[in-house]
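Chains as they are written, first to last, in the working numbering: chain A, 1 to 459; chain B, 1 to 459.
Simulated from the structure, these hints should not be mistaken for laboratory data.
The hints are all genuine.
A pair holds if it fits inside one copy or across any two, identical chains being indistinguishable in the list.
Straight-line alpha carbon distances no greater than 27 angstroms define the calculated DSS-like cross-link-like pairs of lysine-lysine that follow:
#: 1; residue 1: K305; residue 2: K318
#: 2; residue 1: K380; residue 2: K111
#: 3; residue 1: K318; residue 2: K292
#: 4; residue 1: K318; residue 2: K430
Residues per chain are reported as follows:
2 protein chains.
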Amino acid sequence: MKKSIKETIMGMGSNLDRRDFLKGALAVGAGLALHQAIAKAEEPIGVAKPGNVAGLTAPPVNVVRAGFVGVGGRGTGDMIEFLKCDGVEVNAVCDIVPAKVDCAAGIVEKKQHRKPVGYSSGPEDFKRLCQRDDIDSVFICTPWEWHVPMAVYAMQCGKHAFMEVSAAMNIADCWQLVETAEKTRKHCMMLENCCYGESELMVLNMVRQGVFGDLTHGEAGYIHDLRDLKLSGQGEGAWRTQWSVDHNGNLYPTHGLGPVAQYMNINRGDRFDYLTSMSSPAMGLHQASIKKFGPNHPMSKIDYKCGDMNTTIIKTAKGRTIMVQHDTTSPRPYSRINLISGTLGTFSGYPDRIALSPNSHEWQEVEEYRKKYRHPLIAKAGEKAKGAGHGGMDFIMMYRLVDCLHRGLPLDMDVYDAAAWSCIVECSEKSVANRGNSVDIPDFTRGAWKTTLPLGIVS
Amino acid sequence: MKKSIKETIMGMGSNLDRRDFLKGALAVGAGLALHQAIAKAEEPIGVAKPGNVAGLTAPPVNVVRAGFVGVGGRGTGDMIEFLKCDGVEVNAVCDIVPAKVDCAAGIVEKKQHRKPVGYSSGPEDFKRLCQRDDIDSVFICTPWEWHVPMAVYAMQCGKHAFMEVSAAMNIADCWQLVETAEKTRKHCMMLENCCYGESELMVLNMVRQGVFGDLTHGEAGYIHDLRDLKLSGQGEGAWRTQWSVDHNGNLYPTHGLGPVAQYMNINRGDRFDYLTSMSSPAMGLHQASIKKFGPNHPMSKIDYKCGDMNTTIIKTAKGRTIMVQHDTTSPRPYSRINLISGTLGTFSGYPDRIALSPNSHEWQEVEEYRKKYRHPLIAKAGEKAKGAGHGGMDFIMMYRLVDCLHRGLPLDMDVYDAAAWSCIVECSEKSVANRGNSVDIPDFTRGAWKTTLPLGIVS
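Take these sequences, add in the hints, and give me the full structure.
Here it is as structure tokens:
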């Protein structure tokens, strides 16, 4: 019979059930040893297995030769960061809007004193860009629904595909990315810039050094009041809003989730197992529209499906939990939450604060930790990142990507990450539509997560 | 065929599907009107219907004559706050530990110059207290598993039952409370002191005045590192820890959830519909035990079942969502989260901050709102509450309860609230045990939530 706590306290030393308590203690020790081993590893130690592309490498190159598809606000921004790197060329740009192609080409010309070829003959013209012999990498910064067909075509043309977030908007498309990457053995990376935030990199470094002990729980989010954008009909507002009309779930999970997935070694020792999701009512866009346009305006007659706030809980194979939120409608300050909790401490973002045993009863400022745990990438490229997009992380991401391609290293994020992080869109939608019942999350690695080694801390 | 956003933007004024847009606009207006009407109501307008005790009143009394069952740390604290009120008597105290009865009796004697009768002849001696003719109200501050049998017995003896949180630890016990309260028509209130926090009352007042617009989402929690307590074997540690051995879910939901439920008019216009819940691994207590006692100690051989962090999402009948967390193990600062989000703004606790349209892109300090929206209860009794338990809210709660009993008013929290807030324990446990699939939350009001009016703001 199981002993109660009371019985244990009262009968200490008496005839207890035997239990291999050492198992727990050893597991703790082994975990720390692994942390340390990984922290010491100079580079991620991944070796792609047959049929699997975890740890995939491509031959080193002196120059990364790129084409950019989609050079609106975000694509142009990515291209500018890319152009700041040494050993790069932009040889082609593509957009359905000719003026955007001209503008982007002008920026490139100014930098490399040679105009890239421009493509803007309709929505399929990206194919001509992908077919070019003078590019190895295609950057895809188009509306969400275009990421997969473009990435798949690029890989089929023998190019690496780097696409903006989210990589895909449904599970079938995630599989298509995985299968194409495995077949073509080309890099397929989602440009998740938030994995390169200074705080996120610092936390990853701290996690690797065991500062938080065994991780148990994380929180991530994309809380960003985009009502003005979504009602503008301009830029992203021209297409992004439609997703709020047609879908109800977490439409944009990866900015917050990507870093937390890296802390937890998702696809590299753990994986997303299942999730449950609920959305609040869809009220904010409708009310904002009435306020902005009046009740008789066509925009005010649209039925929005996407709840203002979506809350999802993910369970990992190792039993950890991740709470992920999406709210681009409510009047709230921006946050990606960025919380990680373990048996020795907790970090939370927005604002950054930390609590470590035994002084964990009050949040501490993180400033004293910033130097001690500064990620080597920041130490190396942080100075050059100043003033770059999104607090510098856009440049750090490009700098690291280009460096890996130059040196023929595996990338920090692979196609399995792109798929696992992005598939939350459809998985959450399914759960929301089914009274919050849980939905299994596909294992895009087909079991390879068990043996793929965690992301290292670059030297 | 449904029009896309793009089509709408491009074809504004063209042949659109007709839609009663006024419905939305009117709903907004009606909601505000209701808010204002409620805000103006001097007292909660609830009238108990046959078989239902929402809005139940008892005849006014000049003196509230109480017995206290369980006078450990918490019970003694409650009793001290109660004794600060005018028009009260403590005529009996009960505890299984005679020394605690003596101590409590001494405190009472000092105040009212007359010793209460003491009961400490075993675990059933509370019954003799309940049978006394010189008490009308029984305060129950015993371990969780004792709340229901004691409250039920007290009501059956014709006494009001006021019990500590949580009121009950499983659904069957919640129903027993409801059925006994309906049969005996006695007050059955959970002593949820956190509903009387200065911030919580202010937010309730703001919600009633429509400051946040239509509510969409709330967040609540009980994040309190109790590892030392739970490994102490002393006080609550002598019995509370056992729950972490036997159960995995949100073991203590009401401190954070109660106030959010009041913001959202749960059981008074809305109700909890279903929930989903997941727990992180149970690691923290085991590791803390090894650190404190060494690996060979019996406490370090206990199998804890309760995950360190439990995250639950509740869906209400009106479609709102509430995220509720429970973590009494991880190294983290205390928080009840206390977040409420609506179409016009968001409030978040820990630390308190607010964002209101159109200046909602940055959190604002709440100080300027504290005076404007100070709850009348705080204005009336806040001075006297200074120095009282838990920042004063323990006294405010008692002051309000005693005042309602003196004046024969309905109480702010009724047996349906006690049941709905407490049943989250078992509902979350069921969901955790079933891969996070959703669990229906009983409607303890049996439909009366649709017509019961919201809690007013006392004048």
